Amino acid sequence: MIRYIPSGDSAFIVKAGDVISGEVHITIRKLLRKLDEAKITGVTDIIPSYNEILVCYDPMVAGYRQILDDLRMCEADLESVKLPLSSTVHIPVFYGGEYGPDLQYVADLNSISPEVVIDIHCSPVYLVYMLGFTPGFCYLGGMDPRIATPRRETPRMKIPAGAVGIAGQQTGIYPIESPGGWQIIGRTPLRLFDPQQESPFLLSAGDCVKFFSVTEDEFSRILSEVSNGDYIVRRTENS
Amino acid sequence: MNSSIVIQSAGLFTTVQDAGRQGYQRFGMPVAGAMDIFSLELANTLVGNHPGDACLEATIAGPQIEFTDERAMAVTGADMGPCINGRSVFINTTLMVKKGDILAFTGLASGCRSYIAFSGGIDVPVVMGSRSTYLRAAVGGFEGRALRNGDRLPLGKTPPGVKVNKIPPGAVPVYKSSQTIRIISGPEANRFEMEGLRNFLTAEYSVTDRSDRMGYRLDGEQIVHNPGGADIISAGISAGTVQVPGDGKPIILMADRQTTGGYARIANVITADLTLVAQMKPGDTLRFREVTLDTAQNLLHLQRSAFRM
Chain A
97 MIRYIPSGDS
107 AFIVKAGDVI
117 SGEVHITIRK
127 LLRKLDEAKI
137 TGVTDIIPSY
147 NEILVCYDPM
157 VAGYRQILDD
167 LRMCEADLES
177 VKLPLSSTVH
187 IPVFYGGEYG
197 PDLQYVADLN
207 SISPEVVIDI
217 HCSPVYLVYM
227 LGFTPGFCYL
237 GGMDPRIATP
247 RRETPRMKIP
257 AGAVGIAGQQ
267 TGIYPIESPG
277 GWQIIGRTPL
287 RLFDPQQESP
297 FLLSAGDCVK
307 FFSVTEDEFS
317 RILSEVSNGD
327 YIVRRTENS
Chain B
561 MNSSIVIQSA
571 GLFTTVQDAG
581 RQGYQRFGMP
591 VAGAMDIFSL
601 ELANTLVGNH
611 PGDACLEATI
621 AGPQIEFTDE
631 RAMAVTGADM
641 GPCINGRSVF
651 INTTLMVKKG
661 DILAFTGLAS
671 GCRSYIAFSG
681 GIDVPVVMGS
691 RSTYLRAAVG
701 GFEGRALRNG
711 DRLPLGKTPP
721 GVKVNKIPPG
731 AVPVYKSSQT
741 IRIISGPEAN
751 RFEMEGLRNF
761 LTAEYSVTDR
771 SDRMGYRLDG
781 EQIVHNPGGA
791 DIISAGISAG
801 TVQVPGDGKP
811 IILMADRQTT
821 GGYARIANVI
831 TADLTLVAQM
841 KPGDTLRFRE
851 VTLDTAQNLL
861 HLQRSAFRM
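These protein sequence lines map, in sequence, to chains A and B. When we follow my numbering, the leftmost residue of the first sequence carries the number 97, and every step to the right adds one. When we follow my numbering, the leftmost residue of the second sequence carries the number 561, and every step to the right adds one.
Keep in mind that the hints were calculated from the coordinates and are not lab data. Keep in mind the model is a prediction, meaning the values are calculated, not measured. Please note that the accuracy of each hint is not assured.
Pairs of lysine to aspartate or glutamate residues, derived as DMTMM-like cross-links and limited to a Cα-Cα distance of at most 25 Å, are as follows [stated by the list, open to error]:
id, chain 1, residue 1, chain 2, residue 2
1, A, LYS254, B, GLU703
2, A, LYS111, B, GLU753
3, B, LYS809, B, GLU753
4, A, LYS111, B, ASP854
5, B, LYS717, B, ASP661
6, A, LYS111, A, ASP166
7, A, LYS111, B, GLU850
8, B, LYS809, A, GLU249
9, A, LYS254, B, ASP769
10, B, LYS658, B, ASP711
11, A, LYS111, B, GLU748
12, A, LYS254, B, ASP772
13, A, LYS254, B, ASP816
14, A, LYS111, B, ASP791
15, A, LYS178, A, GLU333
Could you put the whole structure together from the sequences, leaning on the hints where they help?
Dropping the structure here:
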């Protein structure tokens, strides 16, 4: 049951559920596809999240009744929408050392070794539920609770782009330098956000992510390949 | 070589802004753009530009600018006492300037943000569809940052046939230090106690100094959540969304807002009144008043018809 809730006079919330789940996520992706294809007159931006989609519009171009009618049209035949196969993006990470100052803390708190933390962090295929917070920041689902760690009591003033962290039951990557309270366990040489590229964002909602551990030498090599534009990010199609 | 303006003095906080960066919010990219879209569009219209073209947004204390050629310019929004070559000039009016002229500001009389438009617009590179500055990621605008003394900004070619126009005073809002801001009830209004909702709609709130282009943090009577608490599943927010975190103090989200947020959305400021909010500064006070969606959209049409010449 899809619900439509006004969010002020220039946006509608299209709500697909009240929980975070794989099923609701699929409904969101199907709806998003229909909304994108519909190219509704007056719509200026679309923000999908875990359980709803915010559709922004210009009320000087289309009034709310017209937008609501157009939105409702997209709800029809949702089951028949065929989503393209998702792909898994493989992300190299150098764990520990100066790039992962909190790796030991995460290990100690969970009474395991740093090596086991790395193994556990590299095992799952994480689902990108949504992006938000900062440009290119992914909300990933699927972290193993055995490495869950609360946020730092005092956030750091500066966390570099590419830092890989843990906050409670979540894991994620900082796309730009920003302050933050996550436990930093490593760093990726990849750029999640590069405004100069034609496609400025590495990941989209619906993608999957798998981390793999690299040595410091490999990290440096990939970093220079990325800045020369030579590194090809490995993507595999999910069956 | 195209012409330019020279920033002799940058003022307190001056950035290049246009109508904002649309279409990338699904990747977490904020819209940025002018805080006060009404004044941006007004300024551009006065100099014959497209309403959403890039202008300067000056905050509290204006810049000093030297012109290098003949063109039209206009100042809208806050009244910071503009003068050209030391002689006081009107806001909300097309002004013709020539090579060597100097625009300066004597001091803030009303509002918070002035928009300075130049015929031809400010021709900084377009990044992801917009020229607006998003400071946190150093994207867009002039080198992704606020202006500094000595910067030289490129201008576009002046469109032909710019006419001198003056906006009648009644067509522009009065930017007072105490305002009534109209809102529409938000998607999580049911997450608050009756008393909290009553406070929200009756009490006076003041703008704190922790307010910026991202949002206005207000202080005043606490808006108490019901036992469900303040947190929601992170979801999209739009310009003017009012969030209430656990401390019960409302935040109005503005141009540089994050694309998604995790606090209960009690209300949304109507688009027509975002110009009033954008022109408030720390210490100013406001009250909220609820209107219907129909009223909100009618008010916007009425407001914007004032300068569709």
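To see whether the hints hold, each was checked on the structure:
Of the supplied pair hints, the one linking A/LYS254 and B/GLU703 holds, its CA atoms being roughly 21 Å apart against a limit of 25 Å. Restraint check for A/LYS111 and B/GLU753: satisfied, since their Cα atoms lie roughly 23 Å apart, inside the 25 Å limit. Between the alpha carbons of B/LYS809 and B/GLU753 the distance comes to roughly 14 Å, so the proposed pair stays at or under 25 Å and holds. Proximity of A/LYS111 to B/ASP854 is assessed by CA-CA distance (about 22 Å); at most 25 Å being required, the pair is judged to hold.
Proximity of B/LYS717 to B/ASP661 is assessed by CA-CA distance (about 18 Å); at most 25 Å being required, the pair is judged to hold. Between the alpha carbons of A/LYS111 and A/ASP166 the distance comes to roughly 15 Å, so the proposed pair stays at or under 25 Å and holds. In summary, the hint linking A/LYS111 to B/GLU850 is supported, as the alpha carbons are separated by about 23 Å, within the 25 Å threshold. Using a Cα cut-off of 25 Å, the hinted pair B/LYS809 and A/GLU249 holds, with the two alpha carbons roughly 23 Å apart.
Our distance criterion of 25 Å between C-alpha atoms is met by A/LYS254 and B/ASP769, whose separation comes to about 23 Å. Restraint check for B/LYS658 and B/ASP711: satisfied, since their Cα atoms lie roughly 19 Å apart, inside the 25 Å limit. With a CA separation close to 13 Å, the supplied pair A/LYS111 and B/GLU748 stays within the 25 Å bound. For a cut-off of 25 Å, the pair hint linking A/LYS254 to B/ASP772 stands: about 20 Å separates their Cα positions.
Taken as a hint, the A/LYS254 and B/ASP816 pair is honoured in the structure, with Cα atoms around 19 Å apart against an allowance of 25 Å. Of the supplied pair hints, the one linking A/LYS111 and B/ASP791 holds, its CA atoms being roughly 17 Å apart against a limit of 25 Å. Between A/LYS178 and A/GLU333, the direct Cα distance comes to roughly 16 Å. Compliance with the 25 Å bound is thereby established for this hinted pair.
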